[in-house]
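Protein chains in written order, with this note's numbering: chain U, 1 to 490; chain Z, 1 to 490.
Here are the computed lysine to aspartate or glutamate pairs in the EDC-like style, where the Cα-Cα straight-line distance is at most 20 angstroms:
{"hint": "1", "chain 1": "Z", "residue 1": "265", "chain 2": "U", "residue 2": "477"}
{"hint": "2", "chain 1": "Z", "residue 1": "367", "chain 2": "Z", "residue 2": "392"}
{"hint": "3", "chain 1": "U", "residue 1": "340", "chain 2": "U", "residue 2": "328"}
{"hint": "4", "chain 1": "U", "residue 1": "265", "chain 2": "Z", "residue 2": "477"}
Partial pick of chain Z residues on the chain U-facing surface, computed with a CB cut under 8 angstroms:
{"hint": "5", "residue": "120"}
{"hint": "6", "residue": "125"}
{"hint": "7", "residue": "420"}
{"hint": "8", "residue": "471"}
These are computed hints drawn from the structure, not numbers from a lab.
Predicted model only: the values in this text are computed from it and were never measured.
Quick reminder that beta carbons are idealized off the backbone N, C-alpha and C, glycines included.
There are 2 protein chains.
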Amino acid sequence: MKTLQSIQARTGAALGAPLLATTSQQVDAAATAAAHAFEGWAASTGEIRGNLLRGLASALEADRDGLVSLADEETGLGPVRLNGELDRTAFQLRRFADIAEKGLAFDRLDDPAVAGPPPGGHPAMVRQRVPLGPVAMFSASNFPFAFSVLGGDTASALAAGCPVVIKAHSGHLLLSNRVFGLVRAVLSAQKLPAGLIGFIQGGGTDVGVRLVQHPAMAAGAFTGSTRGGAALQAVANARPRPIPFYGELGSINPVVAMPALLAEKGPELATLMAGSISLGCGQFCTSPGVIVLIKDAASDAFVSYLTTALAAQSPHAMLTPGMRQAFEAGVAHMLAAGAKPLLHEAGKPEAPRPFLAEVDAPNFIAKAELREELFGPSSLIVRAASVREAIEVLSAVGGSLTVTLWGVDAPTADNQALVRAAMAIAGRVLFTGVPTGVAVTAAQQHGGPWPSSTQPMTTSVGDAAMERFLRPVALQDAPAWLLARNGRPC
Amino acid sequence: MKTLQSIQARTGAALGAPLLATTSQQVDAAATAAAHAFEGWAASTGEIRGNLLRGLASALEADRDGLVSLADEETGLGPVRLNGELDRTAFQLRRFADIAEKGLAFDRLDDPAVAGPPPGGHPAMVRQRVPLGPVAMFSASNFPFAFSVLGGDTASALAAGCPVVIKAHSGHLLLSNRVFGLVRAVLSAQKLPAGLIGFIQGGGTDVGVRLVQHPAMAAGAFTGSTRGGAALQAVANARPRPIPFYGELGSINPVVAMPALLAEKGPELATLMAGSISLGCGQFCTSPGVIVLIKDAASDAFVSYLTTALAAQSPHAMLTPGMRQAFEAGVAHMLAAGAKPLLHEAGKPEAPRPFLAEVDAPNFIAKAELREELFGPSSLIVRAASVREAIEVLSAVGGSLTVTLWGVDAPTADNQALVRAAMAIAGRVLFTGVPTGVAVTAAQQHGGPWPSSTQPMTTSVGDAAMERFLRPVALQDAPAWLLARNGRPC
Numbered sequence: 001m002k003t004l005q006s007i008q009a010r011t012g013a014a015l016g017a018p019l020l021a022t023t024s025q026q027v028d029a030a031a032t033a034a035a036h037a038f039e040g041w042a043a044s045t046g047e048i049r050g051n052l053l054r055g056l057a058s059a060l061e062a063d064r065d066g067l068v069s070l071a072d073e074e075t076g077l078g079p080v081r082l083n084g085e086l087d088r089t090a091f092q093l094r095r096f097a098d099i100a101e102k103g104l105a106f107d108r109l110d111d112p113a114v115a116g117p118p119p120g121g122h123p124a125m126v127r128q129r130v131p132l133g134p135v136a137m138f139s140a141s142n143f144p145f146a147f148s149v150l151g152g153d154t155a156s157a158l159a160a161g162c163p164v165v166i167k168a169h170s171g172h173l174l175l176s177n178r179v180f181g182l183v184r185a186v187l188s189a190q191k192l193p194a195g196l197i198g199f200i201q202g203g204g205t206d207v208g209v210r211l212v213q214h215p216a217m218a219a220g221a222f223t224g225s226t227r228g229g230a231a232l233q234a235v236a237n238a239r240p241r242p243i244p245f246y247g248e249l250g251s252i253n254p255v256v257a258m259p260a261l262l263a264e265k266g267p268e269l270a271t272l273m274a275g276s277i278s279l280g281c282g283q284f285c286t287s288p289g290v291i292v293l294i295k296d297a298a299s300d301a302f303v304s305y306l307t308t309a310l311a312a313q314s315p316h317a318m319l320t321p322g323m324r325q326a327f328e329a330g331v332a333h334m335l336a337a338g339a340k341p342l343l344h345e346a347g348k349p350e351a352p353r354p355f356l357a358e359v360d361a362p363n364f365i366a367k368a369e370l371r372e373e374l375f376g377p378s379s380l381i382v383r384a385a386s387v388r389e390a391i392e393v394l395s396a397v398g399g400s401l402t403v404t405l406w407g408v409d410a411p412t413a414d415n416q417a418l419v420r421a422a423m424a425i426a427g428r429v430l431f432t433g434v435p436t437g438v439a440v441t442a443a444q445q446h447g448g449p450w451p452s453s454t455q456p457m458t459t460s461v462g463d464a465a466m467e468r469f470l471r472p473v474a475l476q477d478a479p480a481w482l483l484a485r486n487g488r489p490c
Numbered sequence: 001m002k003t004l005q006s007i008q009a010r011t012g013a014a015l016g017a018p019l020l021a022t023t024s025q026q027v028d029a030a031a032t033a034a035a036h037a038f039e040g041w042a043a044s045t046g047e048i049r050g051n052l053l054r055g056l057a058s059a060l061e062a063d064r065d066g067l068v069s070l071a072d073e074e075t076g077l078g079p080v081r082l083n084g085e086l087d088r089t090a091f092q093l094r095r096f097a098d099i100a101e102k103g104l105a106f107d108r109l110d111d112p113a114v115a116g117p118p119p120g121g122h123p124a125m126v127r128q129r130v131p132l133g134p135v136a137m138f139s140a141s142n143f144p145f146a147f148s149v150l151g152g153d154t155a156s157a158l159a160a161g162c163p164v165v166i167k168a169h170s171g172h173l174l175l176s177n178r179v180f181g182l183v184r185a186v187l188s189a190q191k192l193p194a195g196l197i198g199f200i201q202g203g204g205t206d207v208g209v210r211l212v213q214h215p216a217m218a219a220g221a222f223t224g225s226t227r228g229g230a231a232l233q234a235v236a237n238a239r240p241r242p243i244p245f246y247g248e249l250g251s252i253n254p255v256v257a258m259p260a261l262l263a264e265k266g267p268e269l270a271t272l273m274a275g276s277i278s279l280g281c282g283q284f285c286t287s288p289g290v291i292v293l294i295k296d297a298a299s300d301a302f303v304s305y306l307t308t309a310l311a312a313q314s315p316h317a318m319l320t321p322g323m324r325q326a327f328e329a330g331v332a333h334m335l336a337a338g339a340k341p342l343l344h345e346a347g348k349p350e351a352p353r354p355f356l357a358e359v360d361a362p363n364f365i366a367k368a369e370l371r372e373e374l375f376g377p378s379s380l381i382v383r384a385a386s387v388r389e390a391i392e393v394l395s396a397v398g399g400s401l402t403v404t405l406w407g408v409d410a411p412t413a414d415n416q417a418l419v420r421a422a423m424a425i426a427g428r429v430l431f432t433g434v435p436t437g438v439a440v441t442a443a444q445q446h447g448g449p450w451p452s453s454t455q456p457m458t459t460s461v462g463d464a465a466m467e468r469f470l471r472p473v474a475l476q477d478a479p480a481w482l483l484a485r486n487g488r489p490c
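Turn these sequences into a full structure, and let the hints guide you.
Here's what the structure looks like:
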């Protein structure tokens, strides 16, 4: 039997006893159990779905102290952040409970028959939606609650009427198992089938790949690296029957700051930005990895303020020793590609130091290496000669979860062009503040053109996340008994 | 220079002078011109978009006689059908004009700021949509108007704010060129850039593949074979920056008929079904390729009625000599796989004869060859021992544009299970009538799980077709000038 070992983030020491990796047979069994649970769950009422989601939220909160303590040991993210993340996760579960109870998954469009020949005439049509089926859900490393076992993918899939099989992330195995223990208890207390929420763990193709390949799975949902996500997407596409794969992958989240605003508020904005870069040790998918400045004295001053503010930050340990190594390698890679270091200090064994570098826009546009996501407390300043060149920088980035535009309050031609360029590449465009912090709300869009998402029309955060798991079906001349179900699958 | 030759469908003879294939350089020029047209078109008002779509509809109607005559020579579909299809195409263009004028592409969701810390508190958010950019549009063979140069993909992309570059289908080159002549005249009369609607023609990877690979293209839209669509989808996914590819591919459109209804209306339904099988020489993506019957005397009688009714049909010529050959090869392939022929006659050189065969459900489920789309006037009867086995047949089909269920008017457990199985695999489920004929209406869903669609959450017919080309963007703390645009890109 393969075993897995949890690691303390801060020390790299083994934590707890080894865990058994899920076998191929157990992966198949989880997929099959999810398929068996599908029919009943797809036909469940909004109230039943809401009860489950609320039960899960309450179970998280009831075990808060133990969960946060364990998460802190495994991830090093600290209790303040982890308590906040647990709050967010419970909030999100309850928000999807609301959505389920309102019956939004059962929304339908009635399109009554029109007499006469086509194209004007047509039969009675109803457009409603069916849940896709069991979802293969891949947890992320950097949000051990909000993008993990009971994260947004799980909540939105359950609200849509889909079972899930959750692949735990190796970075917080003990926490994942503890949360899954809560899941089992809630399913049992609510007399729901255990197969409705499955759980697997382990590396290699015998676990995650096998799950995506299993004929019972109807979709994949993933948050993680571009490399890992692209590989799993290829597996989903290579199935005899390809399935939708929703991957939220890499993002470098450019910030474009206009000199006039920097002249006015440079020190304040530098402090804000330094905090965003080092927040959570830079391990956010929305971490501002690129700061585009127009060549100007105010920009020069901002760089100086930012360097100072960032030097004053003390990032905590990274999530895993592997991530720490990848960060240092990424820094070396960026320097080798010609980035000029502004802040580059050797860290201590327990935590990295923030890294800041700069490069001219033409180099940034020419070298793909400079546009790769560097996961950790770092950012790259890109010096553009003009707004036009700043726009070329955004186009070179191509796809990003966010773009932040500072100082575009007036509708000048330059500002309009910047907004256009930002909207062309990002799922979310911010006009104040920093991109870290993704509101769980109705209008959120967390997903953009490749590589930030494999499915840029979808979001993995916010109310529309549920849409990923509901497929439209038109019913033509449907019988009365079916219409009486008001959009709920039978 | 490579040349292309139009062919008369009925005789296989050359029609008109050879045409020049588009060169690689011209493909690049069309993509670049579309990119240049994008900014202005994305920012255009609904009225401007509506004017263009209405102008295109009127231009088609004004040239009706010439277009239908040419289409008939190239496709053999006959003037009645072709006039109807032209009506439908004009209807569809005007429907998307209505949609554009109503501003549906500019719909937005206002999500005002909520005071307080997260997760409950959040900044002011607005969720709106941006057009994706230039769309590579691949015409289909079998609808020379409705899924071709000015078909639904073009209409919905233009309504969304996206330019298109249209790849003409080799089966109706002269018609495509004539329609594109109308396009140029309308663009010129409306003082719109010529690059807004581009046109290319030719085979090989130097035309269609090059278009999908071009960095300026933001999406692909395709209607055609599973093989061709899958190949182009792979090209879209293999780009340095993958783009959405909307392919409507193969579909075998099962019909499940319950014995009680067949006992009541067997002859009438057999006549209806025979007409649907041979309509347009079976060259519909919604042609009923599989008829699932429960073993019963009424089913036996229906097979007999259907065989007779189908023998009385006289399909017209197929679209191209290549399709005729593929049909005969497909028939031979199905017989070799064990299907027992019920109606199998040698056709004349100018037209094939209808083909009907039968097979037991276990064989159908076991042999993938029996589940392949056979494009032409044919259907395969699948004999199931029970409703349970009929459901297994639907599951084996896996993905289909349509499923038709005859005789499920009562909410019995069997009927509910059948409806569930049908909704699990199809984009549209019909409860009366036949699947040929796809209403252009609000509730339509033309697209289902693989292989019927590469993107099963989307439709290529009906109002929601526009959604394929609009990507959500969340604006956080947007300035007043941007909000004043009411969802229209700047």
